[in-house]
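Line by line, the protein sequences are chains C and Z.
For the first sequence, the numbering used here gives the first residue as 1, with consecutive numbering after it.
For the second sequence, the numbering used here gives the first residue as 1001, with consecutive numbering after it.
There may be inaccurate statements among the hints.
Cut-off 30 Å, straight-line C-alpha distance, at most; resulting in silico cross-link-like pairs (DSBU-like, lysine-lysine) [unchecked claim]: (1) Z/K1330 <-> C/K106; (2) C/K106 <-> C/K85; (3) C/K44 <-> C/K85; (4) C/K23 <-> Z/K1330; (5) C/K126 <-> C/K95; (6) Z/K1330 <-> C/K157; (7) C/K157 <-> Z/K1082; (8) Z/K1380 <-> C/K157; (9) Z/K1769 <-> Z/K1133; (10) Z/K1073 <-> C/K169; (11) Z/K1403 <-> C/K23; (12) Z/K1082 <-> Z/K1330; (13) Z/K1403 <-> C/K95; (14) Z/K1330 <-> Z/K1387; (15) Z/K1729 <-> Z/K1133; (16) Z/K1582 <-> Z/K1621; (17) C/K78 <-> C/K23; (18) Z/K1133 <-> C/K23; (19) Z/K1403 <-> C/K169; (20) C/K106 <-> Z/K1352; (21) C/K183 <-> C/K157; (22) C/K169 <-> Z/K1380; (23) Z/K1352 <-> C/K169; (24) C/K106 <-> Z/K1403; (25) C/K23 <-> C/K85; (26) Z/K1350 <-> C/K106; (27) C/K126 <-> C/K169; (28) C/K157 <-> Z/K1145; (29) C/K78 <-> C/K44.
Since the hints were derived computationally from the structure, they do not count as laboratory data.
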Amino acid sequence: MLKKYLIGMLCIALSVSVISCKKASMANNESEHQAINRIEMLFKQGGTTVSTIVAEDPDGDGGNPPSRIDNINLDINKTYDVEVKFYNISNGVTKDLSPTILQQGKQHEVYFVLSGLTLPIEKKDKDENGFPIGLISQWKTGNAVGQGSLLLKLMHKPLIKGANDDSNKGHSDIAINFTLNVK
Amino acid sequence: MKNLLKALKISVFCLTALFIFEAEAIAQECNFRLSGIIYDGTNQQILSGATVSILGSDKIALTNKSGLYRFNKLCSGTYRIKITHVGCVPIEASLVVNSDDLTNQNFNLLHSTEQLSEVLVSSKYDSDVNSIKSSLTVEQMQKLKGGTLGEMLKQLSGVSVLQTGSTVFKPVIHGLHSQRVLILNNGVRQEGQQWGAEHAPEIDPLVASRLTVIKGAGALRYGSDAIGGAVLVEPRSLDIDTGLRVELNSIYSSNNRMGLLNSIIEQGIKTKNSAWAWRSHLTYKRGGNARTPDYWLHNTGVQELNYSLHAGYQRDHTKADIYFSAFNTKIGIFWGAHIGNLTDLENAIKNKTPLFNIDEFDYQIGRPSQEVSHYLIKAKLTQELSKDRRVNFVLSHQENFRKEFDRALIDNNPELDLNLGTTTADVNFETNRFSNTNQQFGFTVQRQANVWSGSRFFLPNYTNLLLGLYGIRKWDNNDLQYEAGLRYDYRSLEVFRNQNGQNFQIDRQFNNLSSSFAINYVPNNNVSWLNNFSLAWRPPHVNELYVNGLHHGTANFEIGDPNLNSEISLKYTSQFNYQWNKDTYFDLTLYTNYIQNFINLVPVLPATLTLRGAFPTFQFKQADALLSGSDFTFNTALNPSLSYRFKASVLIPRNLESRTWLQQMPAPQIDQEISWYFSSGKKGNYISTNALWVARQRFVPDNFIDYLAPPGEYLLFNLNFATDLRLMKTPVNLGASVFNLFNVRYRDYMNRFRYFSDEVGTNVVMRLKINI
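Only chain C is shown next, with the shape it has when bound in the complex (with noise of 0.2 Å):
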């Protein structure tokens, strides 16, 4: 009796070890993120792009550090439309993620924080509400030579945007120090 009952059970048992349920081998790339993992700061003049700003973190957060953040070089005297480009990259497929921020408009805001040096910067654009976002701005130098750096920052605050908000309030989505020369 006892025999039967322990035999069925065992081979109950031991069908539960050779189940697989899942496909747990078939992993997911553990680099692939959609979050921001590319930024371009284009400065224009006239239209025509004359410099293109890159930081990068390919791998996303963690693993290596970004692997590139080039160094801002503007001209005395000049004012430069700039346009901030934010992207995705992953399996060689570049995703513009910018049209998502500015449709999400009301939640966003880019900011340039500069130390060491200061250079009035205007935001062009606004959101439903007419609080800037920040994608497009206008830089204008003065005839002072000088270097210092810059943060961009691209705050995220859903229901909180107001008009004048100062550069730390919300989560900051983006946060990365430019060296910046104005020579």
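Since the structure of chain C is already known, use the hints to place chain Z on it.
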């Protein structure tokens, strides 16, 4: 058939009597004793190891070598008791305990070959004699209803909670939690994503009629890796004598305007030579933002929908039951705690009140949030092989789905989506063949597979195969009871990774032997001294080995170490209980837990640099640790209707390698309570007040770079009230509680969101329970 009808009639009478006498029951003084001897009805031999339980309470006694059971500290009144023994028909009886100091009542049990048993599925668990444990009483359970499992369990001394904001509570036993605490849901090991500090147990506490915490590795039968202890979530036994019974619970919490509705419907059906019973349970709850004394916490709502169905069948010597349960929750994660990078964190901490909070009430749950579902199906077969031998077979499958939503940037999909499936087969053989002993042995086979998806890698895919073999023996020698257990585990882990399109597999194997030994010394009615030694092991979990990523909502970058070894715990626990009289007793538990290779998340430099800024970085590392401490309870009656209780616990968490303290360990605390039982000391009618004092945690690592020093001590007052009423002959229990009566502003060291906000303020909870 005649016998059946008779039994049915008697049971119905007893049940009716129970309701009628309920009002008078448990009245007046509470210093009576009940004892007696349990005999084998066929040959009048004494039965040792029979379980005698007082229904509707947590009191359980086991008969000793002489077949003797005893209960102390009973109030006068009518009790309904149940006696069970392997291979015998359980019996129930109503007893009057009155002015005599000692009530003696003997019982005869019959073998189940002659009759159908009244209890289809016994909720008896095997570790009850010699493990150091504490349970919530029926009154405590009732007054804590509406809270999560963790919130309920923290009422027990030695148990605390690890909190994530106001919505996520994890039980902590003697300083240990997550993978180190095993949770048994109706006899099945809960297998969810327990590794995460912000992952609460996926269990509705309203399925349970009893919640027990085993302190230390006492549940060898269910695995040896729970070196912290075990939580037993046990539903009431399915009862074929119930008839149709309906229980309705309705709860309202003022702080987060939470409403909860719960129903339990059960029924027992007897046919000529078989018996059926079933129970269903349904809970829905919805709460909005919680409020601290000064502001609302935006996005801290909660929604839950849980249901279960349990059905049992018995015929001759075979019992079978099937259990299905579903748990679904959506939890909001406090907005102000969801930060981008180290700079955001520093800014948040600098402010005394949360930055960018929306200070208003709302039921809406937006991002960040968690959506968790847990499904369990379990089939159990018990075969009585002879009057003193039986075999249990349990087959179960669990599916756990966890979705974690951060801030949406691109789409509405969760950043992290995990699915864990677990199939377990468990065979257990039990025998009482030799006098005064109980043996059981068995084996477990478990297969597990975890699959992740989402836009943020955190935990790799894996499969896990576990084989466990164990044997446990208990024996009784007059004043001394012993229990010895041995368990062998083999675990094979296969991890599947894909980095930049390159697939590779990592295999790890773990083997280990665990054991436990307990001696319970009971020289007389006043003293009991229980000693437990255990050697247990825990293999590192996949997250500790291979995690690599940003932790949900914490701005911590966590890195695993693939070379970690198993933790080995050697724990000694001693529980000394002294009883002056029926109301005055103390209970002192002392423990010391030496853990070799304790796995700990420690800060490392440099910070991880990303395009989102810098993140503080933590790595899993091993060090030898020593966790020692004490839990103390003292209870006394000031007069027949007024009682006083004192509870204290302290833990000294030492890191032996760095000669400093371990971080994130509970601070010492003292809880004092005065209860007034109006209506002549009846247990269901009381007003109580308790004061909980929690010290500032001074045992923090010297070298640990914490962003904020541990918060100061705090003192909270709570009020509780309950009364049993009869509304048009329907028994109704009405209760109310006020938590944090004086709306004290405080923060707790064990809350991971203590950097961002205060704890919740005053909360008034109203409860209504109706039995139809």
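A quick look at each hint next to the structure:
1. The straight-line distance between the Cα atoms of Z/K1330 and C/K106 is roughly 26 Å, inside the 30 Å bound, and the hint therefore holds.
2. Simply put, C/K106 and C/K85 have alpha-carbon atoms about 17 Å apart, close enough for the 30 Å limit, and the pair holds.
3. Distance check on the hinted pair: C/K44 and C/K85 sit about 13 Å apart at the alpha-carbon level, within 30 Å; holds.
4. Between C/K23 and Z/K1330 the CA atoms are separated by roughly 27 Å; this keeps the pair inside 30 Å, and the hint holds.
5. Of the supplied pair hints, the one linking C/K126 and C/K95 holds, its CA atoms being roughly 23 Å apart against a limit of 30 Å.
6. Annotation: proposed proximity of Z/K1330 to C/K157 holds, straight-line Cα distance about 22 Å (limit 30 Å).
7. Of the supplied pair hints, the one linking C/K157 and Z/K1082 is violated, its CA atoms being roughly 61 Å apart against a limit of 30 Å.
8. With a C-alpha separation of about 52 Å, the suggested pair Z/K1380 and C/K157 falls outside the 30 Å cut-off, and the hint is violated.
9. Distance check on the hinted pair: Z/K1769 and Z/K1133 sit about 28 Å apart at the alpha-carbon level, within 30 Å; holds.
10. For the given pair, Z/K1073 sits about 61 Å from C/K169 by alpha-carbon distance, which is inconsistent with the 30 Å threshold.
11. A threshold of 30 Å between alpha carbons decides the hint, and for Z/K1403 with C/K23 the separation of about 18 Å falls inside it, so the pair holds.
12. A threshold of 30 Å between alpha carbons decides the hint, and for Z/K1082 with Z/K1330 the separation of about 40 Å lies outside it, so the pair is violated.
13. Taking the CA atoms of Z/K1403 and C/K95, the gap is near 24 Å; set against the 30 Å cutoff, the hint holds.
14. Between Z/K1330 and Z/K1387 the CA atoms are separated by roughly 48 Å; this puts the pair beyond 30 Å, and the hint is violated.
15. Our distance criterion of 30 Å between C-alpha atoms is broken by Z/K1729 and Z/K1133, whose separation comes to about 38 Å.
16. In summary, the hint linking Z/K1582 to Z/K1621 is not supported, as the alpha carbons are separated by about 49 Å, beyond the 30 Å threshold.
17. For the hint linking C/K78 to C/K23, the alpha-carbon distance of about 58 Å lies beyond 30 Å, and the restraint is violated.
18. Distance check on the hinted pair: Z/K1133 and C/K23 sit about 40 Å apart at the alpha-carbon level, beyond 30 Å; violated.
19. For the given pair, Z/K1403 sits about 27 Å from C/K169 by alpha-carbon distance, which is consistent with the 30 Å threshold.
20. Proximity of C/K106 to Z/K1352 is assessed by CA-CA distance (about 27 Å); at most 30 Å being required, the pair is judged to hold.
21. Taking the CA atoms of C/K183 and C/K157, the gap is about 36 Å. The hint is violated against a cut of 30 Å.
22. Restraint check for C/K169 and Z/K1380: the C-alpha separation of about 56 Å exceeds 30 Å, so the hint is violated.
23. For the proposed pair Z/K1352 and C/K169, the alpha carbon gap of about 16 Å is at most 30 Å, so the pair holds.
24. This hinted pair checks out: C/K106 and Z/K1403 have alpha carbons roughly 26 Å apart, not beyond 30 Å.
25. At most 30 Å may separate the alpha-carbon atoms for a hinted pair to count; C/K23 and C/K85 exceed this at roughly 37 Å.
26. As the CA atoms of Z/K1350 and C/K106 are separated by approximately 27 Å, the hinted pair is consistent with the 30 Å bound.
27. With a C-alpha separation of about 18 Å, the suggested pairing of C/K126 with C/K169 holds against the 30 Å cut-off.
28. For the hint pairing C/K157 with Z/K1145, the CA-to-CA distance comes to about 37 Å; that exceeds 30 Å, so the pair is violated.
29. As the CA atoms of C/K78 and C/K44 are separated by approximately 11 Å, the hinted pair is consistent with the 30 Å bound.
Hint violations for this structure: numbers 7, 8, 10, 12, 14, 15, 16, 17, 18, 21, 22, 25, 28, all remaining hints satisfied.
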